[in-house]
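Protein chains in written order, with my numbering: chain A, 2 to 131; chain B, 125 to 202.
Think of the hints as simulated: they come from the structure by calculation, not from any bench.
No residue lacks a Cβ here, since even glycine has one placed at the ideal position from N, Cα and C.
Don't take each hint at face value.
[Said to hold, decoys possible] Which chain B residues face chain A? A few, computed with CB under 7 Å, are given here:
(1) ARG131
(2) ILE133
(3) GLY137
(4) ALA150
(5) LYS152
(6) LYS178
(7) GLY181
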Amino acid sequence: MEKLAIVLASGELEKIQAASIIASVASTLGNEVIIFATMDGLMAFRKDIVEKKAWKTAGDLGKGMLEANVPLFIDTLKQAKEVGNLKLYACGMIMDMLKMKIDEFVDIFDDVVGVSAFLGMVEDAKVIFI
Amino acid sequence: MEAESDRVIDARGSYCPGPLMELIKAIKEEETGKIIEVWSSDESSAKDIPEWVKKAGHELIGVFKESDYWRIVVRKTK
Numbered sequence: 002m003e004k005l006a007i008v009l010a011s012g013e014l015e016k017i018q019a020a021s022i023i024a025s026v027a028s029t030l031g032n033e034v035i036i037f038a039t040m041d042g043l044m045a046f047r048k049d050i051v052e053k054k055a056w057k058t059a060g061d062l063g064k065g066m067l068e069a070n071v072p073l074f075i076d077t078l079k080q081a082k083e084v085g086n087l088k089l090y091a092c093g094m095i096m097d098m099l100k101m102k103i104d105e106f107v108d109i110f111d112d113v114v115g116v117s118a119f120l121g122m123v124e125d126a127k128v129i130f131i
Numbered sequence: 125m126e127a128e129s130d131r132v133i134d135a136r137g138s139y140c141p142g143p144l145m146e147l148i149k150a151i152k153e154e155e156t157g158k159i160i161e162v163w164s165s166d167e168s169s170a171k172d173i174p175e176w177v178k179k180a181g182h183e184l185i186g187v188f189k190e191s192d193y194w195r196i197v198v199r200k201t202k
């Protein structure tokens, strides 16, 4: 069994979609998958942004995704958490800096962690930075 | 002669990874030996779902092209 970790630092919908699909499918194939959402990648999970679907997009592709019947990353990740071995962590540093609480984000995170805790979790993992 | 499916998931109109995630959920819920088929109008899902089935160790009974969608039929083997 492999361990895969994704550092999600981008808030662009296209990148988050790609990361969520790879993470979700990997988590259903016996891999342990960890997503660490930080910087703009964490902001994409803010409740107000998710409700309004107000994500940043890199271009027309992202806008098209919002118009088409594409499963959005929040739903894909929630499904993966039900059937696979996927854990999501929110970056504590960003939340401290912006004085935000975990309940301002959609209910998908397993915990709030700092960089040292994250590095401890991924010592034996392949790490992808997005 | 194709065996009859125990469960059919109509995921037409959805895109990757929608049909696959629906199938995975159904496989998790059903008992070993059950036959599950997922319908997808998304060609990339029709190509990729068999890859998942192989990697996950289930049995791919077949991918059947209908008029404007595919039926991917899988037996849960474990």
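Self-check item: Violations among the numbered hints, reported as their numbers in ascending order
Solution: Result: hints 1, 2, 4, 6, 7 break, sorted rising.
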